[in-house]
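Participant: Sequence:
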Amino acid sequence: MLFHVKHTHSWEACPYHNPERARETFGKAMAGIMESDIGLVGAYVDAPAHTTFLVLDATSAAQIEEALAPVIDIGWAETRPVVDFAEVMSRVTEET
1 MLFHVKHTHS WEACPYHNPE RARETFGKAM AGIMESDIGL VGAYVDAPAH
51 TTFLVLDATS AAQIEEALAP VIDIGWAETR PVVDFAEVMS RVTEET
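Residue 46 in the working numbering is what sits at position 46 of the sequence shown, and the numbering runs on without skipping anything.
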């Protein structure tokens with residue numbers, strides 16, 4: 001199942017200018033994703049907005065929660081199940 005994760009943090013909590021903190025937060029989170037059964041479909045960042053976007057292929061939101069544990073304390077996240085747009089359009093426009 002695909003999930004879209006939007007993680008945001010404040011400028012005070014941002015690890016951008018602190019390599020050690022970056023390794024301990026996002027570095028560990030991304031390593032955890034890569035070492036797990038979660039499929040990383042895409043990872044994007046809007047650094048000035050302190051926002052990270054992930055598209056993950058996981059069996060549950062709980063699996064994602066576990067992988068993102070290193071960044072939970074520095075911000076907040078929204079995790080939403082999503083479906084491939086082309087699949088939905090094909091299904092919706094299919095003539096019956």
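Derived by calculation from the structure, the hints in this document are not laboratory data. A virtual CB, placed ideally from N, CA and C, is assigned to each residue, including glycine. Each hint should be verified, as a subset may be incorrect.
Unchecked claim - Across the chosen pairs, the derived CB separations fall in these ranges:
| hint | residue 1 | residue 2 | range |
| --- | --- | --- | --- |
| 1 | Lys28 | Lys6 | 16 to 22 Å |
| 2 | Glu66 | Val41 | 15 to 21 Å |
| 3 | Val83 | Arg21 | 31 to 37 Å |
| 4 | Arg21 | Glu65 | 18 to 24 Å |
Participant: All the hints need checking, so say for each whether the structure fits it.
Facilitator: Verification of the hints:
1. Checked against the given bound of 16 to 22 Å, the beta carbons of Lys28 and Lys6, roughly 19 Å apart, stay inside it.
2. The beta-carbon spacing between Glu66 and Val41, approximately 18 Å, falls within the hinted interval of 15 to 21 Å.
3. Checking the proposed 31 to 37 Å range against Val83 and Arg21 shows it holds: the Cβ atoms sit about 35 Å from each other.
4. The beta-carbon spacing between Arg21 and Glu65, approximately 21 Å, falls within the hinted interval of 18 to 24 Å.
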